[in-house]
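2 protein chains.
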Amino acid sequence: MAYPTRVKLVDVGPRDGLQNEKQPVPAAVKIELVHRLQDAGLKEIEVTSFVSPKWVPQMADNAEVMAGIRRQPGVRYSVLVPNMKGFEAALASKPDEIVVFGAASEAFSQRNINCSIAESMERFAPVVAAARANGIYVRGAISVAVGCPYQGEVSPAGVELVARLMKEIGVQHCGVADTIGVGTPRKVQAAMEAALKHYALDDISGHFHDTYGMALVNTAACLEMGIWQYDASVAGLGGCPYAKGATGNVATEDVVYMLHGMGIATGIDLDKLIDAGKYISDFLDRKPNSRAATAILNKRNNEACAVPS
Amino acid sequence: MAYPTRVKLVDVGPRDGLQNEKQPVPAAVKIELVHRLQDAGLKEIEVTSFVSPKWVPQMADNAEVMAGIRRQPGVRYSVLVPNMKGFEAALASKPDEIVVFGAASEAFSQRNINCSIAESMERFAPVVAAARANGIYVRGAISVAVGCPYQGEVSPAGVELVARLMKEIGVQHCGVADTIGVGTPRKVQAAMEAALKHYALDDISGHFHDTYGMALVNTAACLEMGIWQYDASVAGLGGCPYAKGATGNVATEDVVYMLHGMGIATGIDLDKLIDAGKYISDFLDRKPNSRAATAILNKRNNEACAVPS
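In order, the protein sequences belong to chains A and B.
The first sequence runs 1 to 309 under UniProt numbering.
The second sequence runs 1 to 309 under UniProt numbering.
Incorrect hints may appear among the rest.
[What the hints assert, rightly or not] Among the chain B residues that face chain A by a calculated CB cut under 7 Å, a handful are:
1) Cys115
2) Ala157
3) Lys197
4) Ala220
5) Tyr257
6) Met258
[As the list claims (entries may be wrong)] So the derived label-pair ranges between C-beta atoms look like this:
7) Pro24/B to Asn301/A: 25 to 33 Å
8) Gln72/A to Asn301/B: 42 to 50 Å
9) Gln23/B to Asp271/A: 33 to 41 Å
10) Asp275/A to Ala2/B: 38 to 46 Å
11) Pro57/A to Gln72/B: 50 to 58 Å
12) Gln172/A to Asp202/B: 45 to 53 Å
13) Glu168/B to Lys272/A: 44 to 52 Å
14) Ala118/A to Ala2/B: 36 to 44 Å
If you are wondering where the hints come from, they were derived from the structure by calculation, not from laboratory data.
All of these numbers come straight from a predicted model, not from anything done at the bench.
Glycine residues also receive a C-beta, built at the ideal position from the N, C-alpha and C atoms.
With these hints in hand, go ahead and build the complete structure from the sequences.
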């Protein structure tokens, strides 16, 4: 199959990214980050989560952030909800989309949410029904789709099971996530093929972590299958909770650099995106965790230095 | 075409890598690094260069390093030579292979070696003839094969020209190098196709820099063409001389992690390779510039911490 000519990227930096950063970020900075992302051309942004602040204090300002965003027509704002209580709290913020999640490994499901994969989907069923009754799109995420920190290798059968259960409860989109970044092209393609047994090509996305440096090569492997939707996190926000100091989410800048180089349109202005990544990285007092952003920012600085004084 | 089942990696860390590190490295450390690389299973190592120490003081110990290596049967030791004077100096060290180089961009050729592409090849002709007369294999490298810091985009025609000229003067192997790391899959494939007009598939290799994070995706794109030889640099040794603080050579560890994950054999023991990278990185007082090594070293540390005391 030929590469898609256009790719849609979902920036998960404000939620998935900032949730895994130690430093607390004020609501105003999160809002400004969302504004900069949409100005750069992002058409979908995972803004926050409605999880108990006891578990995720970084997202306690969820309603404030959602209320503060100057919404742009054509942009979809999504929030993560873990259960009905979270959904009810999210509803007042009028998200365009909610994200629910299941694990492709029983060990991960048990350790993370204290129930089996099947039980987790049963718990989500009323949430999905309520969201759809309210006209809210439901995205599902399958975590640890190729490898699990507790059980090691994850078979495509695990992915297929979650995809089937998600489909049965009415989840509209299936995101396949390599949560710990151990995947390589063939394994990731096998996981995608498992998801494709229950979801159409247009309803599937990839979510890759760059922990072992594999995120882009896995993205390219999925592009070859025609998959045209991917999550990414500006400035590579969010470390890896399973390997301290290691890289987590792939940087949106790196994905955009690759896609544009391949002649695949994203609608994103890479320079503005790099500025958005620099904005939040400056706030966090670190460098963007993106090789493309690093190289381009260096180039900008060198050119600036080269101007005769 | 199916992926190759086996890949040969050339570690260029001791030469291309250390040449671009600011900190001087004593000969004994370089020798130990070569020993660790061959113990890890590398079958070809670019050891040093015979360039004037006025230009490259880091390689002034070339003869000492070559003399100090405990050579292993089946391992090929290569050195870079810029001209006949360098070749004559190298000869006493009995390299298995010499590396000569040309640029795919006229601008780069002029700025770097003060002559045109065609002139540079004329100058190499007697070196190549002398090497082959001495039974030394001759590898050619085409630098800036997809992008040039001075002229920007480089067309496949530039690559084809150098490949043709190299072939004409008797260069046996053609390495296609994305010296500044700006390439993306389709551009890199086009450069490879240009080289394939003059060299057989078995006589071509890829040399990718990870400056923009594209090295692995470019490697995978070439694997799809059947190309099975690649350069890489342990611990990502060697920065990018054209963008300060940016990444240069792709880390051998990252390439090996990807290949093994894809079921492609390399003959390399990844754990030993990571140890070799840690050895030289500790000496340079920095972390290995490899995502796979970072993740695996983190995992080792976390497991070590988890042992009950």
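Tested hints:
no.	hint	result
1	Cys115	25 Å, violated
2	Ala157	19 Å, violated
3	Lys197	23 Å, violated
4	Ala220	5 Å, holds
5	Tyr257	5 Å, holds
6	Met258	6 Å, holds
7	Pro24/B to Asn301/A: 25 to 33 Å	27 Å, holds
8	Gln72/A to Asn301/B: 42 to 50 Å	44 Å, holds
9	Gln23/B to Asp271/A: 33 to 41 Å	34 Å, holds
10	Asp275/A to Ala2/B: 38 to 46 Å	43 Å, holds
11	Pro57/A to Gln72/B: 50 to 58 Å	56 Å, holds
12	Gln172/A to Asp202/B: 45 to 53 Å	49 Å, holds
13	Glu168/B to Lys272/A: 44 to 52 Å	48 Å, holds
14	Ala118/A to Ala2/B: 36 to 44 Å	38 Å, holds
Consistency note: the structure conflicts with the earlier hints numbered 1, 2 and 3.
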